[in-house]
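Model the full structure from these sequences, guided by the hints.
Quick note, the sequences are listed as chains W and C, same order.
Everything in the first sequence is counted per the working numbering, starting at 1 for the first residue and increasing by one.
Everything in the second sequence is counted per the working numbering, starting at 1 for the first residue and increasing by one.
No lab work stands behind these hints: they were computed from the structure.
Computed from a prediction, not measured in an experiment: that's the story for all the values here.
Heads up, a few of these hints could be off.
So, partial list: chain W residues that the calculated Cβ filter (under 7 Å) puts toward chain C [claimed, not checked]:
| # | residue |
| --- | --- |
| 1 | I71 |
| 2 | L73 |
| 3 | A78 |
| 4 | H94 |
| 5 | K98 |
| 6 | R101 |
| 7 | M110 |
| 8 | F112 |
| 9 | D114 |
| 10 | L119 |
| 11 | N120 |
| 12 | V122 |
| 13 | H168 |
| 14 | L170 |
| 15 | C272 |
| 16 | T286 |
Don't be surprised by glycine CBs; every beta carbon is placed ideally from N, CA and C.
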Amino acid sequence: MAPSAATHRAEETPQTADPLVSIEGLSVDFDTPRGTIHALRDISLEVPKGKVLGLVGESGCGKSTLAYSMIGLLAENAKVAGGAIRMSGQDLAHLGPKAWRDLRGRRISMIFQDPMTSLNPVTTIGKQMIDIQYREPGSRAEKRARAIEFLEQVQLPDAAAKLDVYPHQLSGGMRQRVCIAMALLTRPDLLIADEPTTALDATLEMQIVTLLRELQEKFGCSVLFVSHHLGTVAELCDEVAVMYAGEVVERGAVREVFHTPRHPYTQALFDCDPARFRQATRQLPTIPGTLPDLRQPPAGCAFRARCTKAFARCAAEHPPLYTAGPGQVARCHLNDPAEDAA
Amino acid sequence: MIFYATQRFVLSVVIVMVAVSILTLMLHVVPGDPAVMILGPRATPELIEQTRVAMGLDQPLPVQIVTFFGNILRGDLGQDVFTGRAVSQIVFEQLPYTLILITVSILWAAVLGIALGCYSALRRNTWLDTLTGVISVGTISIPSFVMALYSVLLFAVWLRWLPAIGAGEGVWDGVTHLILPSFAIGVSWVGYVARIVRASMLEVMGQPHVRMARAYGLPDGWITRSHILKIAVQPAVTLIGTGVAHLFSAAVFVEVIFARPGIGALIVQAVNERNYPIVLGAVLVTTGIIVLATLISDLVIAWLDPRQREEL
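Written out as structure tokens, the structure is:
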């Protein structure tokens, strides 16, 4: 499963297929009273058409920032410091407010982390689902029928009756199904799901993930799935990008990355995943250390301070994304063919 | 919603009944016999006894309270000590003047306060927001009688734009006579409402459902109205509802300063003359209106927010 990397790159790497969105060298800064935080640094990533791209990493690694920058909902103190997000000839990183409004809820839609607070508490589900169709022609009755149709798609029981209900009358799992129905109702090309199962309990989590998978296959949209739960990523995603400290450290097909992780951080993440333990343990393993200060990102490898395999070169030279396997790249000097030779 | 409204209404009736009982009891707690106080020190014992019987004061206390409730239900609030006219008639003659004054003041406060608060929140940290903040705090700090005196001085005495005293005759005259007094009462409420609306708007604007509405490309004005303001206006509605009590006491000053007829002026006059039946009747009607105002503000909030309907 580890042939010489370079030979496979040309035909199997996901970058070659015509992607829906391609992020080119995106950097995002946050202005805070304590200094500028370089939250995303030189991100290059592609969301393939009709596939699911997973984005994993620990809290604070920038995965949500990346998701929000792709729908233009970054916080007010955030600014794009460089790079581009290309989608059908448009650069999303530099769109004005009006152009963004045209795109949101039409070509791009989003499912948020907390279904308990994501729906308008003072409006019925039905009105919210009709409101988001405001651009569509057609009567209120037609829009209502469409809302029912999509509530049935997400397997909400007694869908028609749910239209007259307020969000607080539904459980968390039902509300997240409503959010998914709303996101799909607009028939987006790109669906961004920002940790959609984090706020739900474990039994619901798998139901929602399975539902997302089914609906993604049915509607054929691209999905950017942000999660810190490796199990759901394995279940749902075709490709995965691992982020650390505002950078993509590893990227590739889920099968490859999960089978043979090429970056020490990815390996450490897997070592910490309770689902992968074969033996009972009293103490859950963690990755020692904390994220580097993103006001002054370290000069060499960002993971160096926590890496068990760090060597001299890691401090001196910032690693590029090396080709590490078929369609798999990793930001670690250990993948440099020159290191093998040495 | 109907269930909630019924519950609230029953509660309001109970509150008024408790208030009425306390008022009746207070008459007995106050030192001195009401009959003696009415008739003065030179009344004969026969006359006092006659008046006590006429006023029902010879009956046991519980009987008096029940009788009092019965009288209220029949619309009988007793008689004016001096003229013998029905108190209810006197109070309801004066009530419209005060009601219109308070209503106009509330409209001032609500419309201007909500608009300013909304504007401040949407344009937060600009110099206009700071200016609105300074003006709001300024108007809150100035007592309404000071505002009344200075507005009379400026607009009636120096500029001669508006009449200073009276209630006016006819619609247009009535309106011009209302402007200054209602401004004097309402202006400090503009500040209160603006501050509250600004704070709760900022809080609601940060909530995930607003971000979700933006994620669907809904127009900004729409999001402001149906996603932010519909929730953010609720504390202001409660504030105005409970503020009606404060407005009534402000109306006492303002009616005296502007020489307007009204409940406030009536109470001041009746207290000066020790005309207890009128004081009692006016306070009773005022209490009823204050409870009604709270009821209305609760119902408005229940209408705006379904979550409120389910709790009492």
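We went through each hint and held it up to the structure:
no. : hint : result
1   : I71  : holds, 6 Å
2   : L73  : holds, 6 Å
3   : A78  : violated, 14 Å
4   : H94  : violated, 18 Å
5   : K98  : violated, 10 Å
6   : R101 : holds, 4 Å
7   : M110 : holds, 5 Å
8   : F112 : holds, 6 Å
9   : D114 : holds, 6 Å
10  : L119 : holds, 6 Å
11  : N120 : holds, 5 Å
12  : V122 : holds, 5 Å
13  : H168 : holds, 5 Å
14  : L170 : violated, 12 Å
15  : C272 : violated, 28 Å
16  : T286 : violated, 29 Å
In this structure, the earlier hints numbered 3, 4, 5, 14, 15 and 16 are contradicted, and the remaining ones agree with it.
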